[in-house]
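A.B. asks: Given next are the chains, with one letter for each unit.
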Amino acid sequence: MWQTLKPNPRNLRLWQVGLLLAIFVLWHVLTVPGLVPPMVFENDQQAAFFFGEPLKVAGRIWRWFATDADIYSHLGVTLVETVLAFGIGALSGLAGGLWLALQPMASALLEPYIKALNSMPRIILAPIFAVWFGLGIASKVALGVTLVFFIVFFNVYQGVKEVSPVILANARMLGASPRQLLRHVYLPSATSWVFSSLHTSVGLAFVGAVVGEYLGSASGVGYLIHQAEGVFDINTVMAGILVLTGFALALDGAVGRIERRLMVWQPKGGESERL
Amino acid sequence: MAQGDPGRDADGSATLAARCTDPLTRMSPPALALSDVSCTFVDRSNPAARYTAVAGVSLHIGAGEFVSVVGPTGCGKSTLLNMGAGLLQPSTGTVSVFGEPLQGINRRAGYMFQAESLMPWRTALANVMAGLEFRGMPPADARAQAEDWLRRVGLGAFGDRYPHQMSGGMRKRASLAQTLVLDPDIILMDEPFSALDIQTRQLMENELLDLWQSKKKAVLFITHDLDEAIAMSDRVVVLSAGPASHPIGEFTVDLARPRDVAEVRSTPRFIELHQAIWAVLRDEVLKGYQQQLAVKG
Chain A
6 MWQTLKPNPR NLRLWQVGLL LAIFVLWHVL TVPGLVPPMV FENDQQAAFF
56 FGEPLKVAGR IWRWFATDAD IYSHLGVTLV ETVLAFGIGA LSGLAGGLWL
106 ALQPMASALL EPYIKALNSM PRIILAPIFA VWFGLGIASK VALGVTLVFF
156 IVFFNVYQGV KEVSPVILAN ARMLGASPRQ LLRHVYLPSA TSWVFSSLHT
206 SVGLAFVGAV VGEYLGSASG VGYLIHQAEG VFDINTVMAG ILVLTGFALA
256 LDGAVGRIER RLMVWQPKGG ESERL
Chain B
-1 MAQGDPGRDA DGSATLAARC TDPLTRMSPP ALALSDVSCT FVDRSNPAAR
49 YTAVAGVSLH IGAGEFVSVV GPTGCGKSTL LNMGAGLLQP STGTVSVFGE
99 PLQGINRRAG YMFQAESLMP WRTALANVMA GLEFRGMPPA DARAQAEDWL
149 RRVGLGAFGD RYPHQMSGGM RKRASLAQTL VLDPDIILMD EPFSALDIQT
199 RQLMENELLD LWQSKKKAVL FITHDLDEAI AMSDRVVVLS AGPASHPIGE
249 FTVDLARPRD VAEVRSTPRF IELHQAIWAV LRDEVLKGYQ QQLAVKG
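First to last, the protein sequences are chains A and B. Throughout the first sequence, residue numbering follows the working numbering, covering 6 to 280 in sequence. Throughout the second sequence, residue numbering follows the working numbering, covering -1 to 295 in sequence.
Just so you know, these hints were derived from the structure itself, not from any lab. Worth double-checking, as some hints may not be accurate.
[Unchecked claim] Taking CB as the label site, the calculated pair distances span:
#1 A:Arg184 to B:Ser56: 46 to 54 angstroms
#2 B:Thr50 to A:Ser182: 50 to 58 angstroms
#3 B:Ser33 to A:Ser182: 27 to 35 angstroms
#4 B:Ser33 to A:Arg184: 53 to 61 angstroms
#5 A:Gly251 to B:Gly134: 44 to 52 angstroms
#6 A:Arg266 to B:Gln87: 15 to 23 angstroms
#7 B:Ala274 to A:Val269: 46 to 54 angstroms
#8 A:Gly81 to B:His162: 52 to 60 angstroms
#9 A:Pro12 to B:Asp158: 52 to 60 angstroms
#10 B:Glu205 to A:Pro12: 50 to 58 angstroms
#11 A:Gly251 to B:Asp158: 34 to 42 angstroms
Using N, Cα and C, we set each Cβ at its ideal position, and we do this for glycine too.
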């Protein structure tokens, strides 16, 4: 009996869903007032106050998406911020990395400053951006860009530095001009490095958007969470976190699809099938 | 006698004038001429340390001639080729291409590298098209020519494969097509088949000879395999062990063409040539080997 039930590649998905359900059930049992006698807290209301109740959280999410349907505009704002931050950050990181990798003197000159900017905790720039760009979308995008830029920048820089010298010499012998080398050798090579950092940078763009909203805004999922926190509505905070998590997973899945579409030329392990 | 032979005139300018009007020398300067070139590398981490890879090398390859260079490992064979390609500037001496001094990349040469040189982000077809594209040929024409060359090297059905989806032999064929599609007057080859197994290798050697036979380009072929060198070439040049390696022997291979690289190896003349060249090469190989041991120890 256990032989067929224990986790294996075929029923893996079932086990994953089961694990999720188990966590929610445990959460429910431990927080709903009166279900089990209080162990940590003094009275049975406190667990629900600190951790929320899964059924109320689910109700909140249901109202957001179905009955009230008022979360879409907030989600839209967060999505726009994320996409803009990612797009601008990735493109400028790509351009900056390409340029600097091909200019040894400039890269030697700027090296300590780039290192300093990278090691700085850039989240702390959020208040400054709020002052510069106001409480609208722009300040969140700016925060996301500073986070994404450096990830992409360093990957592209590394990618250009590690272009195979033989492939480079071959392209030159085939008659490539410096422009064509950039377009046909450096750029494709750097792109593969950008994609390897894409999952991280999309995640960071999202972090930039949500943290920016949390620190000061009038819309977005981060704003919703901040509002709920202000009135100690822990169920809404939890609901916001769950929505953000689902959203981030969806973004990551989309990135994975794009990556598979564009990077067909990259070798993948295990392409054989045992029949 | 003096007035009948302008070449021996005491007046230098007269000699030059006579040479220039001589139809034979004017029409056929060597396809690639390395004149007294040497190449010294500077160690990047230690600017005082220098290594002279080749010194005082003079090498002429006529148009349509197949010349092989053999030598012990690490003797600077590839350095020689890179100078001929214009990828490397000689420290002294000059390189000229069809009589013109070489500046920058050698536009009349195709180069087939020892290592993997296909662009991994392009399919076989796109790789073969690359050179034509760089030269500004319309994509439709480039595509037609590239497809034709892929068929010639036996990859007609594999144009949409990426390099990682091809075997080592297929990648070499694609490289060959990539080089030859540009119809270069000079073909430089750096141990192009050294990574292949012996059967594939002989197949490709024969294919290369067939292609060369029909087009008669100048070929400078670098190899460490003496059998390969003799079987393929018109002339074999032996380089001494490094540092400062230089030619120490030159042998004309008078085996009849067309040749089959596998069959020609058993002819008496081949064995004779092999013995003669190996007599020169052997000491250098031993020297090169001992130097490598000394560096390691």
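A.B. asks: Taking the numbered hints from earlier one at a time, note which ones the structure violates and give those numbers from smallest to largest.
C.D. replies: 1, 2, 4, 6, 8, 9
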